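Enquirer: Each chain, letter by letter, is given below.
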Amino acid sequence: MRKAIKAAFFGLISMAFVGSAIADITFVSWGGAYTASQQKAYIDTYSKGSSITVENYNGGLGEIKAQVEAGNVTWDVVDVLPDQAITGCDEGLFVKVDQSEFINDMVVPPVSDCVVPQIFWAYTAFYDKAAFPGKKPKNIKDFFDVKKFPGKRGIHTWANALIEMALVADGVKASKVYEVMSTPEGIDRAFAKLDTIKDHVVFWSAGSKPLELVSSGEVVMALAYNGRIGAAILSEGKNFEYIWDATVLEQEYLVAIKGGNEKEALEFMAHASTAESNAEQAKYIPYGPMRKSSINIIKKGEPWFITSSGNIDILPHMPTTPKVLKRAVIGDPVWWADNGAEVHERFGAWKGS
Amino acid sequence: MNQTQTSTGPILTTDGIPLKVSLKKAERINKIRAFLLVLPLLAFILITFLVPIGDMLARSVDDRQINTVFPKTFEVYKKWDRQGLPSEEVYKTMFFELKNSEGYSVGKASTRMNYSKSGWKSLLKKSKRKFKKIEEGPFKEQMIAIDKKWADPEYWLALGQMVDPTTMGYYLNAVDLKYDSSKNIVQQKENRRIYNKTWIKTFKVSLLVTLFCLLLGYPISYLLATLPMKYSNLLMICVLLPFWTSLLVRTVAWMVMLQQKGVLNNLLVMSNLIADENRFQLMYNQTAVVIVMTQILLPFMVLPLYSVMKTISPTYMRAALNLGASPMHAFYKIYMPNSVPGVSAGCLLVFIIAIGYYITPELVGGKDGQMVGNWIAYHLKTTLNWGLCASLGAILLAMMTVLYWAYNKIVGIENIKLG
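Protein chains in written order, with our numbering: chain A, 1 to 353; chain B, 354 to 772.
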């Protein structure tokens, strides 16, 4: 009996060792067209031995913190927003990464020591062309003007980008937005502007929802992640039109969770963040690569975007072209890491009142 | 045998031990065996239920995160009179403790400090980076030169809330109060008051859902209990089928049903009952939460009601009618009092589930349908303010306990019947 137990015990241990030699990776991202693009661009092509399981989440560091604190880490690589990349790195939830390979090839410097570059994405206003047979909305002022363009607006349930857009709609220059936001009056001003559309909004929290709201006519305009709008236009033939004004540009990174299969995670992240992988992803979703050299790869390769009926030029759908950048707000994750909690609470009070 | 019958001493077993002792022994073994049988359950409850609740309660008052990073600073800080800016000594200790801190302690502390005053996070991070180059004082001027926030008394006053290793701050926060700079309890700034409203809303929605569930569930259960078997079985399946369907599927189905361009509004417009521009706003608000939650929680009302009604003998009602009571009167005097255990069980069950509901308000609640559960999830996931989550949860728990107590006083818990 004893012998049997002993044998079973050692068997288990050796299994654990064998297991760790070719540990599998759990890759966690946002789902939908976005995860699909990651899958095709660099998960399917990964051949270093680890098999990769994909899971979805809705952002936030809650689950990650819970896993790390409980010492039961089941996620290995996670796709995170920049302010979470900062907080998570500071709190020791993420593994520090060797950034020498890409640090000089980035459009903006990485926000923390724990990240590898993914993409730029943007909060963009859009509408269905059919909803406005006459005059069409052209800028963010029109989005906030319910007299000129009556109808409901779809907006997300958190404050990021809404504050920035409200200020631009109120006449603040895109480049001066965060300066204004750093004063208490600036935030008041943004909320006053939000008040003007308050009775005309429908909230969404999942990225696919605004497309559905606009398609069904539930709202006439909505804010959405630009890649989702692009995917709907390019792959599903939707009749949507972007409002490339006060587009709020956000960064997206990959991180490895401390206590997970760190070695395999870092190997995979190195593969996922090459210039080629970054460019490859744009074949399936119109987000802007963070590496300068990826943009050159795409320019040379146009028509880059793959659809069932042939390839299409992708650059007009990118949030990082000079034309869009001229009128865009570059999101400031440091400001949000600092002031997010307070502004979100106020936003919650605004929503509920 | 003879001996034991004739003597006046204690009854003995064959091996000379008093029968009482022997019996006790046998019983003890049985008791231990019974206890061992429930031990896994006990351990399970302890590990999965009591320990987490204890942990939650501890988190709701725990404020050590930052005390472990700046212990010396707090010592000298306590001597400060809270007028103007602190002395050079406070700056100096802060400087060295920040500069020499290792690992991720500062990152964690700064997250906590940001709850008291936004801006600490970047201030500490930037300062720690720049402190490396500074070796000698005076530190006050040099720190202010690095970032002028160090010259803002607001930041220093905010530190005062974190000096003690425990805090009531999270609980205050959960009811829209806060400590001001001199530790008096004051109301939260008006544009940040959300929780009291949310508490009231949560109660209101839960009460409405319970009420509607009762109004809808009572007749259904009555039918279920009184109809002949072949009909009541069919009806039971109608009640249970949605119960077995995924919560998400049902919620999304309601979205399709109720939205402005949804099935219901389309039907009303098509049949010319309402004009196209007057479509009802039934989705993404509190109404939607009440409607959808009522449908989802209805089985929790019907099942206990049904199981109690099934036991009410039809002869009671017949007897009442025979004795000359009108049907209404008989129902009111005989049937209703007999069904009270089911009503209370159903109401308590529905209310308890409703008050902590999260996913339905999140999906259909829109701007005014968010309940306490949604805020807990928000702070859990996004702001990482777990202290606040814990205090919100603890208050929910306390409210349920009070409710249970009041219920026990008024109705009596032995009157509850789940089946």
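It is possible that some hints are incorrect.
Stated by the list, open to error - Short, incomplete list of chain B residues facing chain A, as computed with Cβ under 7 Å:
1. 474
2. 549
3. 550
If you are wondering where the hints come from, they were derived from the structure by calculation, not from laboratory data. No experiment lies behind these values; they were computed from the predicted model shown. All C-beta atoms, glycine included, are put in the ideal place defined by N, C-alpha and C.
Enquirer: All hints, please: hold or fail.
Expert: Structure-based check of all given hints:
no.: 1; hint: 474; result: holds (5 Å)
no.: 2; hint: 549; result: violated (11 Å)
no.: 3; hint: 550; result: holds (6 Å)
Comparing the model with each numbered hint stated earlier shows that hint 2 is the single one that does not hold.
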